[in-house]
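Trainee: Spelled out from the first residue to the last, the chains are:
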Amino acid sequence: MNNRKKKWSEVVFSYLWSAPSLILILLIVIFPILYTGYISLTNMNVYHWNNYEIIGLENYKDALLVFDNGFLTALLLTVLWTIINMILQLIIAFLVASLLNLKGLRLRNIYRTLLIFPWAMPGYVSILLWKTGMFNSQFGLLNQWLEKFGIQPVRWLGGNVSAFLSCTVVNLWLALPFMITIIDGALQSVDKSYYESALLDGASWLKRTFYITIPLIKPIIAPSVVITTFTTFKQFDVIYLLTQQVGAKTGADIHTILTYAYEKAFITNNYGYSSAISIIIFVILIAFSVITNIKPKEERQ
Amino acid sequence: MKKMLAVLLCVGMTVGLLSGCGKSGKQEKKDDVTTITIWHDKEDAVAEALQEELEKLEPEVHVVLEKKSDLTEALKVVGNDPKAAPDMYFFAHDKIGVYAEMGILAPITDIIPKEELNDYMDMTLEAATYKGDIYQLPIYYETLLFMYNRLYMTDEEVPKTTEELYAYMKENTQGGHYGFVEQHSTPYYAAGWIYGFGGYLINADGEPGLDCDETIQALKYHKKFVDLMPGETEYATVNTLFNEGKAHATIAGPWLIPTVKASGMDVGVAAMPIIDETGNPISPYTGVQGIQVLKYAAENKSEAVEKVLRQLMEPDIGVKLAQASGCAPANEKCYEMEEVTSDDVVMAMKETAENAVPMPNIPEMDVMWTVTGNLLTDVNMSGKDINESVKKAQKEAEQLIENMK
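Chain order of the listed sequences is A and B.
Take 1 as the starting number for the first sequence in the numbering used here and just add one per residue.
Take 1001 as the starting number for the second sequence in the numbering used here and just add one per residue.
Take these hints with a grain of salt, some might be off.
As the list claims (entries may be wrong) - Where chain A lies over chain B, by a calculated footprint (3+ residues, C-beta under 8 Å):
hint : region
1    : 1098–1106
2    : 1184–1192
3    : 1231–1245
Don't read these hints as lab results, they were simulated from the structure.
Since this is a predicted model, take the numbers as computed values, not measurements.
Every residue gets a Cβ at the ideal spot worked out from N, C-alpha and C, and that includes glycine.
Extracted from the complex, chain A is given alone in its bound form:
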């Protein structure tokens, strides 16, 4: 009895202690989602701003019209974008982090600080700096180099493929600091004695990486990888600011689902309709997360 009582109070207290953060999460995360869901059932738009009413699933009916061929193309491109970015991010971050952990590396902390730098800058600023400083066809650094070699300037953001690659480069620049930091930390947590015995057994660097490092850091970096996958999936700034900003469109026609939804819905000032689209995208995102979180059978056991 006494034991049970103690358990109860523990449960109550644990909820009590976490209540502030739970309330915050509720306010910041759950409430907006629910509210968006509510708005999506109303006709809130410019013409019914204060006197909006619930109109049922009308908005969803209209929203499904947006999910046409253009949307499917955008969805495919978003998946491709996410895969390419995540693979490159993980490989590059792993290599850089391994280099940072080389034995006898001098000025290690200076390198670390430098590598964090892109993260400290506001994303918006970095993106526009890349746009005018690097990719611009008149003044961009890349084209000035090309000119030195007597090659015609290239409009990097003009074509679909080159714009996609340029966006990837910028996204990597923005995202790598986080990944490097995480992997760097994970690498330091690996017990050095494993490597010593592996070395005694004559294991090569590749073998040590695949049989010791990766399995050991996997659980540590997994949550960050999942989070980054999501931010990459719903990336808007990089692609929009580099290629589609009103007044600065470059001619490239690459859309992720978010830039697509922006152009097809959000600019209409129709909040009900835009909310319906947001909810559908939200459902798609949840579906993706469920799929990616399904582990192979043997791993689950």
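Fit chain B to the supplied structure of chain A, relying on the hints for placement.
Mentor: Here is chain B on its own, set in the frame of chain A:
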């Protein structure tokens, strides 16, 4: 100790977060019917001139000017909440349709009789009118201007017609230099060509005109000019090319003039070239900057609001703004004064304004910027077929407008 600190921090942050939603402090100010809050997003020179002018109303009316960089979005959110909303705001006329439909604006004719607005230029009053009501007291307006660098283009060489401009471009566009650059694929800039041909982006009834014959003609004709300009022509590129003397002439807003003057350029301003095909000059959009009154203030503080409006109806503010920031006053009376008529830039804007078109102020215009931008990019930069592109864009615009409702 550490724990205590952590707890304190947590509490502090939570409170800070929550109080962000509160409206403490504003309450007091709002109840005072002699205090008027005005939101604006203008540069300091303009704000100072306004402040100075409105200080004349003290102590009867106290005016607080608040700079809001996200004014348009903020108004959508708080516009109908008298505790958080301003009493008036100072902004371009092109958003009045949206706010009037939302029901947060009061027509200024509720306070000032319409007859008293006779001194204002017709164009500015047209801009301020939405569905028959005048929602803005115009103060000044901006139009695009034809600018040239006297180092390369002499006053005699300034093209009178677009064909002359084309000839000049052909002759001078080489070796990193451009005869003329403009933001050819930005709707705000391309509109001048489209309206010069008699086309339009959207009419007063909210019908897009991207696929009308005149618009198509304009796009076709404009294309040959585009071919002699750099591929990338957003704001920064065009202005830098002109500022660094790599482009001899450009079409830009008056806001560029202080920058180029500071870099030591002898810049000239001229009237827009006449389009040979139609006999009309390039007819750019104008933005009329002025003051709008929110419904709550009009109903509850009409006396103070009236005083502010009347103060701003005096020609003084127009003259002051012309001198401080090169703004072209909306009040015709200002053009009787030497201080205004002696300013080249202001007078060039006045001349351009004769043919300029006020930006549409209907809510539907919001979607046209993106659609037209896509159309111009398709035609000018991706080299897509004009007839097909306009059809696609027109359909897209109609669909989006449909979705607004």
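Trainee: Next, verify each hint and record whether it holds.
Mentor: Status of each hint after checking the structure:
1. Requiring three or more residues with a Cβ within less than 8 Å of a Cβ of chain A, the coverage given for the region 1098–1106 of chain B holds, as 5 such residues are present.
2. Counting residues of the region 1184–1192 of chain B whose beta carbon lies closer than 8 Å to any beta carbon of chain A gives 4, which reaches the threshold of three, so the coverage claim holds.
3. For a cut-off of 8 Å, the count of residues in the region 1231–1245 of chain B with a CB near a CB of chain A stands at 8, and the three-residue condition holds.
The structure shown violates none of the earlier numbered hints.
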